[in-house]
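**Q** The chain contents come next:
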Amino acid sequence: MSQILKRLKVPPNSASLEEARTRTFEFFRMCCRSIPHVMEIYNLHDVVTPSQLRSAAAAEVRKNANITNPKVIDMLLFKGMEELMNIVNQSKQRHHIVGQYVVGNQGLVQDVSAKDRDASNFLKKFYSSNYS
Amino acid sequence: MGLGLLASRALRSSRIIRNSTRTIVSTPELKNADAAAAAAAAADAPSDLPKRNPVGGARVHLPNPDDVIEVFVDGYPVKIPKGMTVLQACEIAGVDIPRFCYHSRLSIAGNCRMCLVEVEKSPKPVASCAMPALPGMKIKTDTPIAKKAREGVMEFLLMNHPLDCPICDQGGECDLQDQSMAFGSDRGRFTEMKRSVVDKNLGPLVKTVMTRCIQCTRCVRFASEVAGVEDLGMLGRGSGEEIGTYVEKLMTSELSGNVIDICPVGALTSKPFAFKARNWELKGTESIDVTDAVGSNIRIDSRGPEVMRVVPRLNEDINEEWISDKTRFFYDGLKRQRLNDPMIRGADGRFQAVSWRDALAIVAEVMHQIKPEEIVGVAGKLSDAESMMALKDLLNKMGSNNIFCEGNGMSPNADLRSGYIMNTSISGLEKADAFLLVGTQPRVEAAMVNARIRKTVKATNAKVGYVGPAADFNYDHEHLGTDPQTLVEIAKGSHPFSSALKNAKNPVIIVGAGVFDRDDKDAVFAAVDTIAKNNNVVRPDWNGLNVLLLNAAQAAALDLGLVPESDKCIESAKFVYLMGADDVNLDKLPDDAFVVYQGHHGDRGVYRANVILPASAFTEKEGIYENTEGCAQITMPAVPTVGDARDDWKIVRALSEVAGVALPYDSLGAIRSRIKTVAPNLLEVDERQPATFSTSLRPEVSQKVSATPFTPAVENFYMTDAITRASKIMAQCSALLKK
Ligand code: SF4
Ligand code: FES
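Heads up: the sequence lines are chains U and A, in that order. Note that the first sequence covers residues 1 to 132 in UniProt numbering. Note that the second sequence covers residues 1 to 739 in UniProt numbering.
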């Protein structure tokens with residue numbers, strides 16, 4: 001796998017939005033294909049399932065769904081490719097993967113318990129930190 | 001080769017020539033100082049000089065118009081009271097004279113000669129710090145002669161001063177460094193060996209590098225005049241002169257740390273701070289000390305998340321410019337034993353870290369299962385006014401009114417403010433001419449108040465009578481007795497000391513807060529009231545009846561009305577909320593009681609706790625503290641909180657919401673407006689609020705004083721609260737210095 005990825009070249013700019021779109025799907029598929037390998041090399045079987053990782057990758061892609069400029073999409077694709085390469089080449093360590101894609105941005109403390117939906121702003125801030 | 005040799009020869013010969021004319025004075029016009037001075041004098045005929053302001057924005061108070069004289073500083077006329085020195089006159093004229101040995105709070109030594117100025121018609125430059133200003137004196141501070149004199153003095157001082165600056169802790173805040181940059185020569189002529197001096201061991205607080213000493217004797221004068229210990233002295237003469245303790249001995253004063261500040265060079269530096277940081281990387285935060293009830297003004301110097309040192313701030317009304325050793329060195333306790341996560345005690349008796357959500361949910365649930373009158377809240381000695389207000393409101397909302405502050409006893413008298421604060425005010429003590437100390441050892445309870453009393457005793461020869469256990473004083477006093485019976489005798493007038501009180505113009509009575517814990521406290525206060533009445537201690541123009549509190553939280557707690565409903569509330573409690581309370585006696589607490597400890601240190605309160613809620617220490621939060629004289633002051637956050645800790649009032653506020661009785665404020669401003677409705681004086685920050693009524697309104701008491709002697713209120717000066725008990729330096733001090 002890593003051998004294939006290594007040979008990847010930066011493609012020329014997408015001519016139209018349509019082309020950028022196809023490229024994005026291509027990229028996402030490549031991510032999905034590398035997931036079993038990633039699970040293996042980072043020993044992630046006991047913390048996450050492939051489908052969870054897939055939805056994490058999809059979420060990353062969807063984050064930028066509103067972008068229409070093909071140049072920007074190309075740039076983001078390049079960055080995504082770089083990240084994927086880093087992961088597949090094991091330039092990262094296990095805690096990076098766990099921190100970024102398994103636990104996610106909200107951290108270990110999950111703030112969304114059903115009880116404090118109706119909590120005041122003060123209490124919500126209180127739970128997250130002493131400041132602000 | 002020939003050319004090179006020639007060139008080097010030429011260089012060498014020219015150097016020889018230069019050497020022969022080389023003088024220490026680096027600016028050419030100074031080489032002929034007298035001629036230049038004459039020329040300058042002829043040239044200046046100042047007509048309208050710009051208005052100058054005194055150094056440091058000081059205000060000059062001219063009490064008696066007859067005693068005012070006029071002098072001229074650099075041609076600028078200033079009016080000063082008679083008896084001021086030339087140096088003070090220059091300061092009023094806005095000219096800062098360089099100095100090493102002169103210190104405004106110490107006696108004048110006049111031995112460094114750095115303050116030389118020129119005075120017209122005097123043959124030589126005069127040492128301005130020791131020379132009284134005379135009417136019409138023409139002082140010149142900026143003439144070539146004065147400059148030359150300073151340059152010469154600097155050269156002599158630097159002769160034996162090591163070139164240590166890169167490894168010296170004083171570097172960057174060193175008077176010698178600054179003044180040699182400003183007034184010194186640009187080169188040295190000294191080629192011999194420098195003198196060296198053996199370092200002295202002054203104990204765990206003050207580090208000495210005696211080779212750096214410039215013999216200004218400030219430290220000697222401080223020790224004997226302010227601290228009142230004759231520990232330091234000058235040995236030897238000439239180049240053999242040394243500062244030392246005569247015999248191998250530690251400096252045993254509770255104010256010894258101040259010699260670090262007054263030493264103009266790096267000879268006396270802080271031992272715990274040695275090589276820890278450079279002063280220019282520190283961030284200073286102006287704050288308040290909470291280790292005793294004086295509320296000394298301090299600056300907390302921090303680097304990143306760490307408190308590096310504590311130094312005093314000038315406040316004439318409270319601590320002048322000194323602080324006690326406890327205040328200065330307890331800060332390492334802020335790094336040890338800290339609570340950083342909410343914790344719950346499991347079935348096996350071990351604490352387990354949980355999230356805030358779980359911890360608060362458990363506390364709220366337990367609180368609701370308990371009858372309101374069995375809920376008790378205890379505020380600790382380091383609590384700020386905001387959190388005490390919040391805790392009282394929370395408990396009241398739960399239906400309980402059993403809340404008190406440790407140290408105030410179980411039935412404090414919170415109705416009359418004059419009955420628990422220092423009515424004379426700390427600076428007002430200086431007007432007193434007789435003291436009666438009842439059950440208080442100010443030296444360990446409030447070192448800065450003791451320094452004031454000592455200052456007064458030294459200045460006016462005031463008489464001091466003391467009733468209490470044998471104690472250590474650093475001024476003359478009469479030990480009148482050990483139990484309250486003595487008070488009754490003085491009240492009756494049958495005791496020899498009553499005549500001293502009677503004859504005094506401004507008598508002062510100071511009752512220690514240790515009396516609050518006595519069973520016969522009402523009778524003791526009644527006896528004190530009688531003494532006050534018989535001796536005219538409380539008059540419209542003078543209120544000499546004082547209570548000296550022990551802890552930073554006490555005065556604010558009484559102002560906010562933290563008084564328990566029943567004095568047996570601990571015995572019957574099922575739920576105890578300890579807000580930083582470590583010294584409250586929990587022996588009588590039933591075993592099945594649920595204890596919540598909210599605080600910043602794993603100290604005594606934690607041993608019995610079921611739930612721990614980590615809070616921030618006073619260096620990490622903004623909070624109002626009221627000191628023993630009734631002056632409210634605010635601490636400022638210097639460093640971030642540790643771990644998952646939260647500010648005290650926020651925890652109480654959050655708990656109230658989880659428990660379903662949300663308090664109506666969620667910001668510091670809002671909680672302060674709530675305080676305003678209860679005790680508006682707490683918001684008059686930095687302004688002492690005297691009590692309005694005097695104690696004559698007190699109800700009659702039928703209680704009789706008991707014969708139990710007074711006990712010391714503070715066992716160990718160095719360890720009085722959770723932070724100081726966690727401090728390693730304070731532990732060393734108590735091991736080495738406790739007498
Ligand atoms: S040790 Fe410091 S304060 Fe004491 S005489 Fe020397 S220079 Fe002055
Ligand atoms: S300051 Fe005047 S002699 Fe030292």
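It cannot be assumed that every hint is accurate.
What the hints assert, rightly or not - PhoX-like, lysine-lysine: derived pairs with alpha carbons at most 25 Å apart:
id, chain 1, residue 1, chain 2, residue 2
1, U, Lys-124, A, Lys-397
2, U, Lys-63, U, Lys-79
3, A, Lys-147, A, Lys-121
4, U, Lys-125, A, Lys-574
5, A, Lys-397, A, Lys-676
6, A, Lys-371, A, Lys-676
Stated by the list, open to error - Far from chain A, by Cβ distances over 10 Å, these chain U residues were calculated:
id, residue
7, Ser-16
8, Glu-18
9, Arg-21
10, Ile-41
11, Asn-69
12, Pro-70
13, His-95
14, Leu-123
15, Asn-130
Claimed, not checked - Quick list of simulated restraints, FRET-style, between CB atoms:
id, chain 1, residue 1, chain 2, residue 2, range
16, A, Asp-592, U, Arg-62, 50 to 60 Å
17, A, Pro-590, U, Arg-62, 19 to 29 Å
18, U, Lys-92, A, Arg-604, 46 to 56 Å
To be clear, the hints were calculated from the coordinates, so they are not data collected in a lab. Cβ atoms here follow ideal geometry from the backbone N, Cα and C, with glycine treated the same way.
**Q** Each hint: holds or not?
**A** Cross-check of the supplied hints:
| no. | hint | in the structure |
| --- | --- | --- |
| 1 | U:Lys-124 to A:Lys-397 | 22 Å, holds |
| 2 | U:Lys-63 to U:Lys-79 | 14 Å, holds |
| 3 | A:Lys-147 to A:Lys-121 | 18 Å, holds |
| 4 | U:Lys-125 to A:Lys-574 | 31 Å, violated |
| 5 | A:Lys-397 to A:Lys-676 | 19 Å, holds |
| 6 | A:Lys-371 to A:Lys-676 | 30 Å, violated |
| 7 | Ser-16 | 50 Å, holds |
| 8 | Glu-18 | 49 Å, holds |
| 9 | Arg-21 | 43 Å, holds |
| 10 | Ile-41 | 33 Å, holds |
| 11 | Asn-69 | 41 Å, holds |
| 12 | Pro-70 | 45 Å, holds |
| 13 | His-95 | 20 Å, holds |
| 14 | Leu-123 | 5 Å, violated |
| 15 | Asn-130 | 5 Å, violated |
| 16 | A:Asp-592 to U:Arg-62: 50 to 60 Å | 55 Å, holds |
| 17 | A:Pro-590 to U:Arg-62: 19 to 29 Å | 59 Å, violated |
| 18 | U:Lys-92 to A:Arg-604: 46 to 56 Å | 47 Å, holds |
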